[in-house]
Amino acid sequence: MSQPRIQPIEPGQPVITTQKLSKTFSTEGVQQHVLRNLDLQIRSGDFTVIMGASGAGKSTLLYALSGMDRPTLGQVTFAGRDIVGLSESELARFRRRHCGFVFQQIYLLDNMSLMDNAMAAGLLLGQGRKARAAIAARAANLFDQVGIDAATRAKFPAQVSGGEAQRAATVRGLINQPQVLFADEPTGALDQTSGTAVLDVLTGVSRQGQTVVMVTHDLKSAKRGNRIAYLRDGQIVGDLDLGEYQGDDAARDAQLRSFLVEMGW
Amino acid sequence: MRRTLMLAWANIRGAKGAAAGLLGVAALAALVLNLGLMMLLDYGKAFDRQADRANAPHFAVSESRHLWTEEQATWLADHPDVTQVEILEALTSEATIPYNGAEVPATLIIMSVDTPHSLDRLIPMDGAQPLGDGDIYLPYMDKVGGGLAIGDAFTMTFGTQKLTYRIAGFTNEAYFSSPADNIQLAYLNQATFTALEAALPATQVTLALASLTDRDLGDQFTQDFSKLFVYDNPAVAEAQAAGEPSFISTYRYSTARYGRTFMVDILSAIMVVFAGLILVVALIVIRFRVRNSIEEQMANLGALKAVGYTSGQIAWGIVAQFAGLTLVGVGAGIGLTYAALPAVSKALEGQSSMIWTAGFDITTSAVTLAAVVGTVLLVTLAAAARLRRLTPLTALRAGLAVHSFRRNNLPLDRSHGSPTWLLGAKTALQAKGQMIMVALIVAVVSFMPSFALSCYYDTAVNNEEFVRTIAGEMPDALVQVKPAQGEAVLADVQTRPGVRKAFGYSRSMAMLIDGNPVWAFATEDQEQLEGRLLYEGRYARHENELVMTPVLASTLDKTIGDTVTLSLGGEGADYLVTGLIQSMNEYGMLVGLNTDGIKRVLPSYQFDEVFVYLDDIDQAEPFLDAVAADLGEAVVATLPMWTMAQAQLRAYGDLFGVVATAILVIAIVVVVLVLYLVLGATILRRRRSFGIQKALGYTSGQLMRQIAFTYMPVIAAAVLAGALAGYLAFGSMMGGIFRWLGIVSVHMQPWAAGSAVLALVLVPFAFAVAMLVARRIRRVSAYALATE
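Chains as they are written, first to last, in our numbering: chain A, 43 to 307; chain B, 10 to 797.
These aren't lab readings, by the way, just hints derived from the structure by calculation. Incorrect hints may appear among the rest.
Restraint-style ranges between C-beta atoms, simulated for each label pair [said to hold, decoys possible]:
id	chain 1	residue 1	chain 2	residue 2	range
1	B	ALA777	A	ARG112	25 to 35 Å
2	B	ALA394	A	SER131	40 to 50 Å
3	A	ALA193	B	THR670	57 to 67 Å
4	A	ARG123	B	GLY317	51 to 61 Å
Idealized CB from N, CA, C, for every residue including glycine.
Work out the full structure: start from the sequences and follow the hints.
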């Protein structure tokens, strides 16, 4: 079974490109066109935030970009390779190697410790003694970065707070050093403090060069991105680059608010 | 009630596959249980029905004509329990007949088709042709068990002659047609009969048939007759001593019935036990499904409670769901019983030669229904009882502690192995209860075929020990001699090349022991016997010693060291019991003495058989041909006993082959159903976990292997344990079965290769089924999970 060949991408270069991406759902004969001929580029190193009203197709777009779901029509090119034509198994291998995920519902495996949750993903890419040790060391390092101590890592998801669980899920998303970390409303199920902690983690890894694509409808979360893509009626209707306002939080804030008002948010 | 049923129906519709699986298990349990019960309760009655149609007697005696007396006829006619007597002329002799591709010994009674008799009526079966000269009617057993057909040549040794007849038809003989001891009644036309009667005067007998007011009186009636005219009859002893025909044999209704039904009784008992095991499996699975269903639908149950449903209503909804499914399954199983009956009846015919046409049996159906549905109700109610502890809020939060992980088995950062294997093993270690359940079920279903395969092997493939156990003392070759010339024949035989051992023997001499009827066998030196007879004490060495069966010891309340009185023709002598022997012959009423011992009550005793043991058993037939040719008239008949017994008893092997196959098939079906139900439920319950893993990059193949690996160690261990238990328990279980039949010491060995092959086949089979069932994981979509 051939592995999709993905080339290393220089920062600022497109890592994902969609062309005429469409997704239609059929429910009892009624068709719902969630994405319509959508064209989008995700650049390497960006923290891209996808916003839009409820039902606009944000999550659908995220999962189409990440190979978790197949579009009805159109192309998704991941670093020069079309992933739409990959088989289920090839897509699974593609995801484990190139994508990391953070879900709104957290979705840790509840019968495993936080450390094992990270290892379960990490071991997909290396199983020898040395590889295992390297993955464990990387996991420990990431847990340290997100502020989860050794005692907490040994706990089961049901034994930790929502914030700790979501930070552990972020470690799991990053364990395989993915080209893109996809986050679907990562703070949606968390209280404000926990949500902020998670956003701090995402911002931190983004600053280290990690490409992040996040779906949110929360303004505070959106502020963490350096690019905002606004989705309406299945199409990107607005694209705001906040990179030029780096270091000027007030200007970023004003620019974002103005953009969202313009988008009718 | 309506709401409860609606809940139940909604639950069933929500899990159609699982519902179908449960339906299958319930149907299978009901099918096997109902069939087993019908065989157990109706097969004997079917014999009674057949006997009633043929106006079968409840007592019969066949006696050399010169021994028959008016006194006996009067006793029969005047007995208050007798409702009808018929005194007929017939021919009777020990014979060898073709049966199932071999020559086997039989006691053959031959009558003229023109002899009028209303007792034990002649009922020719479909296709029977009129009897011409040289034609013969045989009982149906020769067709279904013996493999003979109309038009075949039937060559037998009857008395001292080899005779060949053409089979013109088969009769639905009720009374004289016992596959167990091979007693058969055949018919010739008057001319052929008269010719044979003239040619073989020694075989001429009076056949007296009597019908009683109650068939259950047959045993006592036979005993009373035997005491008066068989066991203590000086005329018989004198005739024996003089070498004159001294044939006398009684036949009772219970024996005729037992001979036709005992193997079916054993089979049905095995089936009922097996049905019980399937039911236990079904109950374990149902309990699992109920608990699983509650856990799965926790939030829904909370919502129902929140809107006002009581715990009772919800519990009854679940109970109605499973009880309803079981009810439908049991109905289907009972229906299937009747669909399977013709095939089952056909399979049993070879052993019973009885056409079993059972109508709808409301009793067995009711018992089956009550047993299966009742136990399911109890188990379901018990499993659903936990709902009472559930508050709406707890349920809505899915908070009933269904998972309380305390220990992190196999931490992935420190354990070695592929993630697929490690995750499977972690799950297994966290679900000990479920693993124990699977292990129990698989061990049980592996045990039964392992045991059944050994039964088949020991009765069909390598049946030497079985023959030794069943048949008692069995020489390689038997030479029947005229008593006066027995010593001369023995001396000649002992000097022939290839003879390992030979000695004089007499079987079945009727006597009284402490006033009770008994059959005696005698030989010069009992230590020469090679059969598995003696199991306690020692053989009789002196003239005042004897050995006896446990059945007889129990009847007389005697044991080793006690003294008994043996009498024959008025002569009586005391004997010391020195040992206990096991035998199914003569219904366990048997004693053994040495020659000096028998002469104390029968001074004129001379043996009438020579038992011969050869260096090469395959030389039995040429050896016997040479003996018959060389010794002429001194030899009455010759029989290759060992090969004949093996061939005759192989029919049991065929039957056990069918049973072993059926048990194996049922075991396989149960394994498939259980894996389908348990794995199906597991996939459903863990679909979130599998969805997450798919999102992380696990392929469907990896997840399928993970699911299979979760169960395989337990399944493999359980298969090995079950197969090993079947192997190890074989001896003691066969011992139990044979003890029931009067054999105390059994040395049948389990079939190691059979159990090993079973384990080697079942484990990969279970893995394949697990992988197949786990294919459902392909339908779990990571995306569907993420957008749930």
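Hint check:
Between ALA777 (chain B) and ARG112 (chain A) the Cβ separation comes to about 31 Å, which falls inside the hinted range of 25 to 35 Å. Our hint of 40 to 50 Å for ALA394 (chain B) and SER131 (chain A) holds, since their Cβ atoms are close to 45 Å apart. Roughly 59 Å separates the CB atoms of ALA193 (chain A) and THR670 (chain B), a value that falls within the hinted 57 to 67 Å. Between ARG123 (chain A) and GLY317 (chain B) the beta carbon distance is about 57 Å. The supplied range of 51 to 61 Å therefore holds.
Checked against the numbered hints given earlier, this structure breaks none of them.
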